[in-house]
Amino acid sequence: MKRRIEEVLERTLAAARREGKLGSSTNEPVSVEVPKDREHGDIASNLALTMARSERKSPRAIAEILREHLDDPEGWITSSEVAGPGFLNLRLSPGFWRSELARLSAEPALGVVSEEAGKRAQVEFVSANPTGPLTVGHGRNAVLGDTVARLLSTAGYAVEREYYFNNAGRQMKVLGASVRARYLEEIGRPSEFPEDGYQGDYIRDIARSLRHEHGESLADHEGNAFRAAAESAIFAEIRRTQERLGIVFDHYFNEDSLYASGAIERVVAALDERGLVDRREGAVWLVGEKVGLEKDRVLVKGTGEPAYRLPDIAYHEDKLARGFDLIVDVLGADHISQHRDVAAALVALGHDISTIRAVIYQFVTLTRHGEQVKMSTRRAEYVTLDELLDEVGVDAARFFFLCRKSDSHLEFDLDLARKRSTDNPVFYVQYAHARISNLFAEAGRQGVAVPEGPANASLLEPLGESEEFELIGQIALYAETVALAARELEPHRIVFYLQELAASLHRYYNRHRILGDEAPERVTARLVLLHVVQRTIAAGLGILGVSAPDRM
RNA sequence: GCGCCCGUAGCUCAGCGGAUCAGAGCAUCGGACUUCGGAUCCGAGGGUCGCAGGUUCGAAUCCUGCCGGGCGCGCCA
33 MKRRIEEVLE
43 RTLAAARREG
53 KLGSSTNEPV
63 SVEVPKDREH
73 GDIASNLALT
83 MARSERKSPR
93 AIAEILREHL
103 DDPEGWITSS
113 EVAGPGFLNL
123 RLSPGFWRSE
133 LARLSAEPAL
143 GVVSEEAGKR
153 AQVEFVSANP
163 TGPLTVGHGR
173 NAVLGDTVAR
183 LLSTAGYAVE
193 REYYFNNAGR
203 QMKVLGASVR
213 ARYLEEIGRP
223 SEFPEDGYQG
233 DYIRDIARSL
243 RHEHGESLAD
253 HEGNAFRAAA
263 ESAIFAEIRR
273 TQERLGIVFD
283 HYFNEDSLYA
293 SGAIERVVAA
303 LDERGLVDRR
313 EGAVWLVGEK
323 VGLEKDRVLV
333 KGTGEPAYRL
343 PDIAYHEDKL
353 ARGFDLIVDV
363 LGADHISQHR
373 DVAAALVALG
383 HDISTIRAVI
393 YQFVTLTRHG
403 EQVKMSTRRA
413 EYVTLDELLD
423 EVGVDAARFF
433 FLCRKSDSHL
443 EFDLDLARKR
453 STDNPVFYVQ
463 YAHARISNLF
473 AEAGRQGVAV
483 PEGPANASLL
493 EPLGESEEFE
503 LIGQIALYAE
513 TVALAARELE
523 PHRIVFYLQE
533 LAASLHRYYN
543 RHRILGDEAP
553 ERVTARLVLL
563 HVVQRTIAAG
573 LGILGVSAPD
583 RM
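Taking our numbering, the leading residue of the first sequence gets 33, the next gets one more, and so forth.
Heads up, a few of these hints could be off.
Unchecked claim - Straight-line distance between alpha carbons at most 30 angstroms, and here's what the computed DSS-like set of lysine-lysine pairs gives: (1) 351 - 322; (2) 322 - 406; (3) 34 - 437.
Bear in mind the hints are in silico, worked out from the structure with no lab data behind them.
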């Protein structure tokens with residue numbers, strides 16, 4: 033929609049220049065905006081303001097010249113005015129809006145262009161080690177990552193979802209020891225629970241099932257057997273939770289493979305060759321000063337084991353080597369500095385890291401009855417993601433996780449998410465979809481056909497209400513909203529867009545009766561409009577991974 | 001102390017590649033149904049955009065400093 037008006041202005045600018053009313057030296061980018069305030073027209077341009085300096089004329093004077101030269105052979109613009117400091121405010125004609133709707137009705141993708149077609153993207157997310165059930169925090173990560181992946185697909189990328197994990201480190205040893213202690217308790221043997229062991233009930237559950245399976249025969253086994261059992265049980269849970277959310281990974285990447293392939297040693301050797309490491313106090317350090325970091329960082333601990341960041345560097349080298357056009361890391365705010373270390377090391381090793389982008393999210397707090405739900409990972413007092421899904425459902429969970437900019441803290445209101453009423457934004461949007469389905473069902477009962485294919489502009493002639501043009505304007509913005517959200521990796525933009533579209537629909541629905549109009553052509557035209565609106569809502573919800581129900 | 005993020009209406013948050021800009025939802029108050037589901041809609045009140053400087057013709061938006069909150073600053077992951 034914007035593009036079509038921008039073309040009008042580009043021609044206008046050229047015409048004014050030909051006539052010598054404006055200088056021809058510069059090549060101004062023409063852009064238009066949809067004003068928030070209806071008073072400012074359907075569409076507006078600040079072109080005169082941006083040109084003021086090079087033209088050495090007042091913005092208002094330039095705007096006036098543009099206004100007089102408007103090159104609009106199709107009659108899209110019904111009125112124009114110069115406003116404020118020099119904006120050109122335009123009102124668009126019914127014919128323009130009808131042609132927009134006709135265009136959209138014929139577009140399966142609603143105007144979304146696969147700008148990045150042919151490119152490959154990878155999104156790495158969740159990446160929790162299998163030491164316990166996924167928490168609410170993981171939930172934000174999971175839903176963000178999956179939705180970013182969906183957005184990138186929409187933009188044309190071939191997307192791979194990857195989960196990176198380590199089932200070999202110290203944490204896993206502690207896990208094994210924790211399960212072993214609980215197992216011994218179960219069979220009535222003396223046991224000592226590890227100081228920093230995992231307290232959660234799920235450890236007892238695993239221990240109990242081990243007893244059911246093996247009786248007391250494991251009593252003399254070391255932690256390893258318990259660790260392996262715990263890992264597979266916990267991983268199965270993690271996958272099940274993800275599946276509930278509609279998330280399926282293409283690859284699970286085990287950190288172990290980086291040891292097996294020698295990749296980790298090669299990273300140390302390469303850094304060493306470049307003189308970027310220091311050996312002291314029994315450890316191998318990455319020298320901060322030489323790679324642009326504030327402090328030195330340990331790569332290999334005194335025990336000979338790599339610190340977390342070393343395999344992470346090797347992992348990112350591996351990702352880079354796989355030739356993706358875009359690599360997205362979804363991580364919590366507590367991992368930012370870690371990520372910076374990795375980036376610094378990669379640059380120092382001569383890699384181009386411009387394809388790597390991070391989506392960083394702040395923490396989630398839960399509120400119930402207006403009070404914050406206290407959580408402590410240490411004492412295993414936290415709400416698991418599964419419990420959250422049990423309580424509010426998948427649709428509400430996904431929608432709520434996405435309804436804030438990832439950079440903002442997210443206050444998740446459990447009471448609101450569970451409500452089946454208008455206050456709940458998920459239901460508000462879903463209801464708009466269901467409402468249209470319901471209307472179509474009613475039309476069917478009345479023997480009125482719902483036109484689903486492309487509609488030509490003449491069929492849409494009966495559309496004339498301002499709410500109808502407002503709705504068309506909304507759906508015409510869908511494509512660019514999706515494009516922007518994909519480019520910026522910002523799913524929340526879709527959430528806000530859908531809330532506004534739903535509001536426009538409800539407003540329209542409330543003010544105008546669709547069926548029962550004495551003019552059948554008007555009924556048909558309105559059904560065409562509603563059908564495209566419904567497709568748009570369904571497509572937007574689809575990107576969020578939220579269902580678009582026909583009845584609620 | 002240093003780094004990153006945040007600070008916008010009573011609450012939760014958009015807007016922040018400068019410009020007709022002070023916005024949405026919730027909450028509060030007041031309205032609209034012989035209805036295609038009122039699970040909706042309409043209206044009202046409410047904010048020196050944390051504070052102070054600076055850049056600019058123009059700043060919620062860019063820069064600097066300060067204040068307040070979160071997260072890091074591990075030979076944990």
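How the hints compare with the structure:
1. Distance restraint check for residue 351 and residue 322: the Cα-Cα separation of roughly 24 angstroms lies within the 30 angstroms cut-off, and the hinted pair is therefore satisfied.
2. At most 30 angstroms may separate the alpha-carbon atoms for a hinted pair to count; residue 322 and residue 406 exceed this at roughly 43 angstroms.
3. Of the pairs offered as hints, the one joining residue 34 and residue 437 holds, with about 25 angstroms between alpha carbons and a cut-off of 30 angstroms not exceeded.
Consistency with the previously given hints fails for number 2 only.
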